[in-house]
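Residue numbers for the sequence shown follow the working numbering, beginning at 1 and rising by one.
None of these hints come from the bench; they were simulated from the model.
Keep in mind that a hint or two might mislead.
Stated by the list, open to error - Mimicking DSS-like on lysine-lysine, the simulated pairs with C-alpha atoms at most 27 Å apart in a straight line are:
(1) 33 to 3
(2) 33 to 69
(3) 69 to 54
To be verified - What follows is a list of derived Cβ distance ranges for each label pair:
(4) 19 to 58: 30 to 36 Å
(5) 40 to 18: 27 to 33 Å
(6) 18 to 64: 21 to 27 Å
(7) 121 to 19: 44 to 50 Å
(8) 92 to 10: 50 to 56 Å
(9) 83 to 12: 39 to 45 Å
We treat Cβ as the ideally placed atom computed from N, Cα and C, and that holds for glycine.
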Amino acid sequence: MEKQVFQLSHVVARRNAANAVMAAPADWRVEIKPRTRSSDQNALLHALFGEVAKHATWGGRKMTAIQWKVLFISGHAQATGLGSDMVPGLEGEFVNVRESSAHMSVARMTSLIEYILAWCAQNGIDTHQARVRYGHEVEA
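Based on the sequences and whatever the hints tell you, model everything.
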């Protein structure tokens with residue numbers, strides 16, 4: 001038996017999932033969880049990181065899109081009460097062990113995108129091109 005994933009969006013899908021559970025070997029496991037971010041959300045997210053990297057500085061220096069990703073995910077976690085966890089790294093540095101955007105639910109990713117759009121609006125970063133390119137019609 002191969003791995004199966006079911007979107008529980010209608011009765012037939014739910015029935016198929018239940019049948020798969022009943023047919024699964026005894027040592028298999030079932031996991032029910034919210035759907036993770038969509039590919040459109042992921043594309044918009046990375047376009048926004050790129051726009052910010054082109055037009056903004058932090059602490060007086062230019063940052064890469066990857067560095068902005070770390071800053072935004074950390075800031076969003078703090079702003080939404082998830083907090084942060086700073087730990088000593090393997091080489092004596094400090095590391096923010098943060099939430100993974102790849103494992104965010106659709107709702108959590110929407111919240112992160114809205115957080116980034118709000119930050120951009122407050123800091124004069126035009127996100128119109130990124131939003132139009134990925135069909136995200138959020139007023140910013």
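> Any of the earlier hints contradicted here, and which numbers?
Replying inline: Failing hints, ascending: 4, 6.
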